[in-house]
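Q: With the working numbering applied, the sequence shown corresponds to residues 1264 to 1395, in that order.
Among the hints, a few may not be true.
What the hints assert, rightly or not - Here are the computed distance ranges between Cβ atoms for each label pair:
id, residue 1, residue 2, range
1, Ala1382, His1320, 32 to 40 Å
2, Asp1377, Gly1319, 17 to 25 Å
3, Leu1339, Gly1389, 28 to 36 Å
4, Pro1356, Gly1313, 17 to 25 Å
5, Pro1291, Pro1315, 31 to 39 Å
6, Asp1302, Thr1322, 17 to 25 Å
7, Leu1339, Glu1384, 29 to 37 Å
8, Ala1312, Gly1365, 14 to 22 Å
9, Ser1300, Gln1343, 21 to 29 Å
10, Arg1337, Gly1389, 28 to 36 Å
Don't read these hints as lab results, they were simulated from the structure. Backbone N, C-alpha and C fix where the C-beta goes; we use that ideal spot for every residue, glycine too.
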Amino acid sequence: MTTAPQSPLPSHPFLRLRLASRSGMPRPIDGAWWPRSYDLLAELPSLLAGLPCAWGHITSVTVNGATWSAVPGRMLVSNQVVRLGRTVAASAPHTIVLLAPGRGRWDLLVVPPDTTEEAAEPLMAGAASGHD
């Protein structure tokens, strides 16, 4: 198991995350996340810390194995074990799946880290509004 590094104050003060508003209708995408790299061990702690409390404790994260750098099977984030999985499903190459037992599943569009701000903004807005 890997422990997430305890880093000093982040050089980037805000999490690039946009979530869809809660509605009674099921959605294929629950929002968008624009990480700064494909290093899941570095990026995941800030993503999990920035999620709504109502989502509960995320215990499992699945990413596309062809996109993200190699990851261990689990890691410790804020004193909680998170299982990490990799898939090569062609149907969702740019998503991350978050699971919280008893709370639900959330699928986020992953905007590639090297995307310009001008290109990322409409992708994130579309995912948050349900037009992914």
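Q: Indicate, hint by hint, whether the structure satisfies it.
A: Each hint, compared with the structure:
For the hinted restraint 32 to 40 Å between Ala1382 and His1320, the CB-CB distance of approximately 33 Å keeps it satisfied. At roughly 32 Å, the beta carbons of Asp1377 and Gly1319 sit outside the given window of 17 to 25 Å. Between Leu1339 and Gly1389 the C-beta distance comes to about 34 Å, which sits within the given range of 28 to 36 Å. Remark: the range hint 17 to 25 Å for Pro1356 to Gly1313 is upheld by a beta-carbon distance near 23 Å.
The hinted window of 31 to 39 Å between Pro1291 and Pro1315 is violated, with their beta carbons roughly 19 Å apart. Take Asp1302 and Thr1322: their Cβ atoms lie about 21 Å apart, and the range 17 to 25 Å holds. For Leu1339 paired with Glu1384, a C-beta distance near 34 Å keeps the hint of 29 to 37 Å intact. For the pair Ala1312 and Gly1365, the supplied restraint of 14 to 22 Å holds, since their beta-carbon distance comes to about 20 Å.
Roughly 22 Å separates the CB atoms of Ser1300 and Gln1343, a value that falls within the hinted 21 to 29 Å. Between Arg1337 and Gly1389 the beta carbons are some 32 Å apart, a value that agrees with the proposed interval 28 to 36 Å.
In summary, the numbered hints that this structure violates are 2, 5.
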